[in-house]
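Novice: Listed here are the chains, written in short residue letters.
Protein chains: 2
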Amino acid sequence: MNLLLIDQNDFTAPGKILISGRRFLQLRDVIKPQIGETIRTGIKNGNTGKAAVLEFHDDHVVMETVLDTPPPAPSPVTLVCAMQRPLTFKKILHGALTMGVKKIHFIHAAKVEKSYWQSAVLRDAELDLEIRLALEQCGDTVYPELEFHTRFKPFAEDILPQLVETSALALFGHPRATTPVPVPPESGSIILAAGPEGGFNEFENTVLEEAGLLPVTLGARVLRSEYAVTALLAKLS
Amino acid sequence: MNLLLIDQNDFTAPGKILISGRRFLQLRDVIKPQIGETIRTGIKNGNTGKAAVLEFHDDHVVMETVLDTPPPAPSPVTLVCAMQRPLTFKKILHGALTMGVKKIHFIHAAKVEKSYWQSAVLRDAELDLEIRLALEQCGDTVYPELEFHTRFKPFAEDILPQLVETSALALFGHPRATTPVPVPPESGSIILAAGPEGGFNEFENTVLEEAGLLPVTLGARVLRSEYAVTALLAKLS
Chain A
45 MNLLLIDQND FTAPGKILIS GRRFLQLRDV IKPQIGETIR TGIKNGNTGK
95 AAVLEFHDDH VVMETVLDTP PPAPSPVTLV CAMQRPLTFK KILHGALTMG
145 VKKIHFIHAA KVEKSYWQSA VLRDAELDLE IRLALEQCGD TVYPELEFHT
195 RFKPFAEDIL PQLVETSALA LFGHPRATTP VPVPPESGSI ILAAGPEGGF
245 NEFENTVLEE AGLLPVTLGA RVLRSEYAVT ALLAKLS
Chain B
45 MNLLLIDQND FTAPGKILIS GRRFLQLRDV IKPQIGETIR TGIKNGNTGK
95 AAVLEFHDDH VVMETVLDTP PPAPSPVTLV CAMQRPLTFK KILHGALTMG
145 VKKIHFIHAA KVEKSYWQSA VLRDAELDLE IRLALEQCGD TVYPELEFHT
195 RFKPFAEDIL PQLVETSALA LFGHPRATTP VPVPPESGSI ILAAGPEGGF
245 NEFENTVLEE AGLLPVTLGA RVLRSEYAVT ALLAKLS
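Chain order of the listed sequences is A and B. Using our numbering, read the first sequence as starting at 45 and increasing by one per residue. Using our numbering, read the second sequence as starting at 45 and increasing by one per residue.
Next comes chain A alone, as it looks inside the complex:
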């Protein structure tokens, strides 16, 4: 935890917060701040700053906060990612969020197993925890928007072209593409689409190209999805 992410309802008085539960345990067992010591904090969707420990109790800590610094700038990338097996989904989500992505569309594709859509990681409480852990890791406060599209065609044919139209660059990873990832534009949003393990199929590749996405490659090597997405985001940052 590199930032204590707080909510409006953590406040007991102006500038004064009470932290219990998971975050308290993290503070007590890992961060171990002394009374008077300050740690980095930030309020959901708002400023970051510092929190000083006032009182340490058995099951909660009382802190004083000053929140005067905007969170880091968001990534210009909107990620479109084929749904993945639960563990890979969590890794991709964590990587993208810690790299500042604020908008992700998870989509179906032919090589996505239907069971992935029933996974417990997609429940609101699980997703919320994954988002919080990522924001706490990277020192951000701004919640992402996640959308889930359980059918490929309606998303790729109806929604994607509109996204592409308003973006400065639109790409998708394609194993047989020869174009490397271009230098990102100085401004404007970027659409990046990443396939499932095994890649998009030929039909899907065609639909993505027709929607205006440029097929690009990371090179001759085939990376696992979570490494490929991280590498593509790094090249576009």
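FYI, nobody ran anything at the bench for these hints, they're computed from the structure. Any given hint might turn out to be false.
All copies of an identical chain are treated as equivalent in the list; a pair is satisfied when it fits inside any one copy or across any two copies.
As a list, the in silico DSS-like pairs of lysine-lysine whose alpha-carbon atoms are at most 25 Å apart [to be verified]:
no.	residue 1	residue 2
1	Lys134	Lys158
2	Lys147	Lys88
3	Lys76	Lys155
4	Lys158	Lys76
5	Lys158	Lys147
6	Lys147	Lys134
7	Lys94	Lys60
Please read all numbers here as calculations on a predicted model, not as lab measurements.
Given chain A, put chain B in place with the hints provided.
Specialist: For chain B alone, kept in the frame of chain A given last:
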């Protein structure tokens, strides 16, 4: 498995191989090639090519190989990475190897727990399996050289300066650096050093700078080690 990695002792006759054990199970249960079908293959430290299924038996498969294509070019990066907890070590190793890194020095640092050096993942058989899985994933055949340095100072003061001297670029990730990762040189080797969770300490940062490494940043966000190394390697590829 995007490439069946074979050894000299898999050959029963010129061009003919017999595959059993883990790789056989992977073929039978995941890849499921038919008789006559070909899959990508490559021989350890040698060419890649194709293998056609001749016979499928209960516990082995017999295949015919043609190995006529060199493996993908290696990454110019020599990675110097602080030792990590076992799971993170495996993730960093996998990421670096699948991105083509062929030389990695794992080193001690103040924030590295001594117990990490006793981990089972460092046993030869475990390391060999991790290397094979990474080469099979990315379609490469060339084994990396891994070195382990259980003391920071002798490595950083005696070995690192020599590595830096023969490289075209030498960098290390530093949380408070303001220089972004530079565009990699057209040719020549690159030294990239990455710290433990929590970063190198002040003394270590100074030693690395004095050894000739440039402190660089990936931006305001703090990434988990495996994502940071992947992102740095992507920016240098």
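Novice: Taking the hints in turn, state whether each one holds.
Specialist: Verification of the hints:
1. Proximity of Lys134 to Lys158 under the C-alpha cut-off of 25 Å is restricted to the intra-copy arrangement: shortest distance 17 Å within a copy versus 29 Å between copies.
2. When the C-alpha separation of Lys147 and Lys88 is checked against a cutoff of 25 Å, the pair qualifies only within one copy, where the shortest distance is 16 Å, while the shortest distance between copies is 42 Å.
3. For a Cα distance limit of 25 Å, the shortest separation of Lys76 from Lys155 across copies, 16 Å, qualifies, whereas the shortest one inside one copy, 45 Å, does not.
4. When the C-alpha separation of Lys158 and Lys76 is checked against a cutoff of 25 Å, the pair qualifies only between copies, where the shortest distance is 21 Å, while the shortest distance within a copy is 43 Å.
5. For a Cα distance limit of 25 Å, the shortest separation of Lys158 from Lys147 inside one copy, 23 Å, qualifies, whereas the shortest one across copies, 40 Å, does not.
6. When the C-alpha separation of Lys147 and Lys134 is checked against a cutoff of 25 Å, the pair qualifies only within one copy, where the shortest distance is 15 Å, while the shortest distance between copies is 29 Å.
7. Taking the shortest Cα distances, Lys94 and Lys60 sit within 25 Å of each other inside one copy (12 Å), while across copies they are farther apart (66 Å).
In terms of the numbered hints stated before, the structure departs from none.
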